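Asker: Work out the full structure: start from the sequences and follow the hints.
Protein chains: 2
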Amino acid sequence: MFRVNEDYLKLPGSYLFSTIAKKVSAFSTENPDRKIIRLGIGDVTQPLCPAVIKALHSAVDEMADASTFKGYAPDLGYDFLRNTIAQEDYKSRGCDIAADEIFVSDGAKSDSGNIQEIFSKDTRIAVCDPVYPVYVDTNVMAGRTGTYDSTTGLWSNVIYMPCTAENGFSPEFPKEVPDLIYLCYPNNPTGASITKDELQKWVDYANKNGSVIVYDAAYEAYISEENVPHSIYECEGARTCAIEIRSFSKNAGFTGTRLGFTVIPKDIKTADGVTLHQLWARRHGTKFNGAPYIVQKAGEAVYSAEGKAETKSQIAYYMNNAKYIYDGLKAAGYSVYGGVNAPYIWLKTPNNMTSWEFFDFLLDKANVVGTPGSGFGPSGEGYFRLTAFGSYENTVEAIDRIKAI
Amino acid sequence: MFRVNEDYLKLPGSYLFSTIAKKVSAFSTENPDRKIIRLGIGDVTQPLCPAVIKALHSAVDEMADASTFKGYAPDLGYDFLRNTIAQEDYKSRGCDIAADEIFVSDGAKSDSGNIQEIFSKDTRIAVCDPVYPVYVDTNVMAGRTGTYDSTTGLWSNVIYMPCTAENGFSPEFPKEVPDLIYLCYPNNPTGASITKDELQKWVDYANKNGSVIVYDAAYEAYISEENVPHSIYECEGARTCAIEIRSFSKNAGFTGTRLGFTVIPKDIKTADGVTLHQLWARRHGTKFNGAPYIVQKAGEAVYSAEGKAETKSQIAYYMNNAKYIYDGLKAAGYSVYGGVNAPYIWLKTPNNMTSWEFFDFLLDKANVVGTPGSGFGPSGEGYFRLTAFGSYENTVEAIDRIKAI
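Protein chains in written order, with full-length UniProt numbering: chain S, 1 to 405; chain Z, 1 to 405.
Think of the hints as simulated: they come from the structure by calculation, not from any bench. Computed from a prediction, not measured in an experiment: that's the story for all the values here. Check before you lean on any hint, since a few could be wrong.
What the hints assert, rightly or not - One side only, chain Z facing chain S, incomplete, derived with CB under 7 Å: (1) 44; (2) 57; (3) 65; (4) 66; (5) 69; (6) 106; (7) 179; (8) 256.
As the list claims (entries may be wrong) - Which bits of chain Z does chain S cover? Going by a derived footprint, with three or more residues having C-beta under 8 Å, they are: (9) 113-120; (10) 189-202; (11) 206-218; (12) 291-299; (13) 340-349.
Cβ atoms here follow ideal geometry from the backbone N, Cα and C, with glycine treated the same way.
Answerer: Given below as structure tokens:
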């Protein structure tokens, strides 16, 4: 008789955003006349920019002709894209990353979920709390997290690094040394950023202890301040300890187009000389068949002169929303964080409401959907996330409604 | 100090097609004047059909306008595609499969590689020998296969079902009952097909023993004979024991466009009532963010009247190649199999050459690239696979060259 992966059954409830979707759907059915504004899931609303649209049409035309048709892509990505990324995202910032250290994928969610596979089953992971649920959930599914305490909301075999207003949403080094450290900057969900000096300390810590950092930089395009690193490879020594995950979702609106990449320098290796690079290459070659050609061409166009200008103005549009949310909530008396180097605004719920109480309150009173902070981990309790990815009009209306209640 | 997944290190050598690519690249560098014809990897060469191209352009235009732009797709696929698949691939054949039992993905390789994740670590798997390497390799990476014997080419914890000319490439029921049985029909690599009556026996066997069948039907569009089932759900009782994996790669030329789906009926459940459907939904929701909207629209177009007619003629084109290969090699004295309900021709190597000897021989003498049968498992030794996916001109030239040596 077949048996299932029992570790899957340990996961409490369903995936955060599925739960939200169900709640909103139920509310919407009961209140068909209310106009709901969604500032919950971090999904973009602005269309793909003209340079990307042009590249897509052109690539589609190539697929229509046998002489230019493309079958299976190279497992690890087309050279035209890997070379462009290496130049534009790394070499131009003084980061020593080669094209063949870049693995093109269908997005940062897949990569951040799958990366744990190349580590041993007994790997001790450390995560910020609150945290993007995918890091923890995928380790649960792999049987790496021990047991779940439904009272505390904590897993017995996970090292948590609380990030709250008290420590400025900046985690301290854990007391117990982890094997694998997930860091996300600019941060989802808190919107916090990290300075280069602070990040250098994490790199030094990892190198000293033989830990690996999985650095999720999906939101780097939203950095507006100086001295906030766009890549962990701006820090010295990161080539021996850091994996970086990037996405086209938020900098170019690819949430529904699907493209991302992971960087694994060849210098991260075990005492026996096994490189994480070779293991990830093997995983890609065995379980993945490349991102679509047309989508990789679209990704390349993001780096063209037009693509850069157009995506920059799209990011400015969202960051203008962020500012409106931040300023509006602040004026209304909320304690507000983030929103300067990130498209996320993190706020303290008023009147000691729990995160889900505030979710229901906001949905009911303002018909605005946000994300409960507790959905990202126990230290997120009492906080709430709003995103800047709505349209400007909806963002203004949402904040005005919140201010009115 | 971080530790890696040691199971990855058990994999002997690199992925079959990567090895072939390296050999061909080396030969090509040494012999720049030779025109190499590739009938090795199963990659298509004909362009996407006009109906698909039209749908792609139209979907790209939608992505250019905020009012029609699509962000994150539903995790499990857009309803427009799931409904179409349920109707066209299943209901129209009398198969009882609902739209919400269809999980849209980026392709059959990912799905057939990832499906093992929802089963327990101690799951006993059975595979045909020879077999598509992904089934075994992904179980190796999950630590399920025991130790590798480099002399026999067998894993200690895998149940092999030899398929050779002696048994008509039709496996017998294994002596030891497996938990999970991988079947692929029409078969890659042997090109063999299965009748409905024979497949019914496997369904009955699985139901009797509490086994699950992973049925890879990626090549169903190539079936030309009556009484060869297009889906395992044509068999009675398959809803309680069978997962089916499908692909748009070979029926519509999507190898570089990436789209597939997996069907998991809700009736496959453990004694405790846990369904494989819920586990796979959880996996999709946690580790995957949907196939691109534009690609799902392209997939929908495959089922339009134009799409059906155009892809049918594309399949006829490849099957004409298959016939040319089959007839030509037969006339040249080779023992040849497959090619009638499948785009693969499986042949016995001449003069007791090993599969790799014949690979080198063919590359050197005819500058034709095929796939060594032994790359698919020990029972593939002494066999060789050619695919019908080349252009007609190249196929004719390749066969004429082979006949000449």
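Asker: Work down the list of hints and note, for each, if the structure agrees.
Answerer: Evaluation of the provided hints:
1. 44: holds, 5 Å
2. 57: Where the cut-off is 7 Å and the nearest Cβ of chain S is about 6 Å from residue 57(Z), the hint holds.
3. 65: Check passed: Cβ of residue 65(Z) comes within 6 Å of chain S, closer than 7 Å.
4. 66: holds, 5 Å
5. 69: Status holds, d = 4 Å.
6. 106: holds, 6 Å
7. 179: holds, 4 Å
8. 256: At about 4 Å, which falls below the 7 Å cut-off, the nearest Cβ of chain S leaves the hint on residue 256(Z) intact, so it holds.
9. 113-120: With 6 residues close enough to chain S, the hint holds.
10. 189-202: Violated, because only 0 residues of the stretch 189-202 of chain Z bring their Cβ atoms closer than 8 Å to Cβ atoms of chain S.
11. 206-218: holds (count 4)
12. 291-299: Our answer is that it holds, as 5 residues pass the Cβ test (under 8 Å) against chain S, meeting three.
13. 340-349: violated (count 0)
Checked against the numbered hints above, the structure violates hints 10 and 13; every other hint is satisfied.
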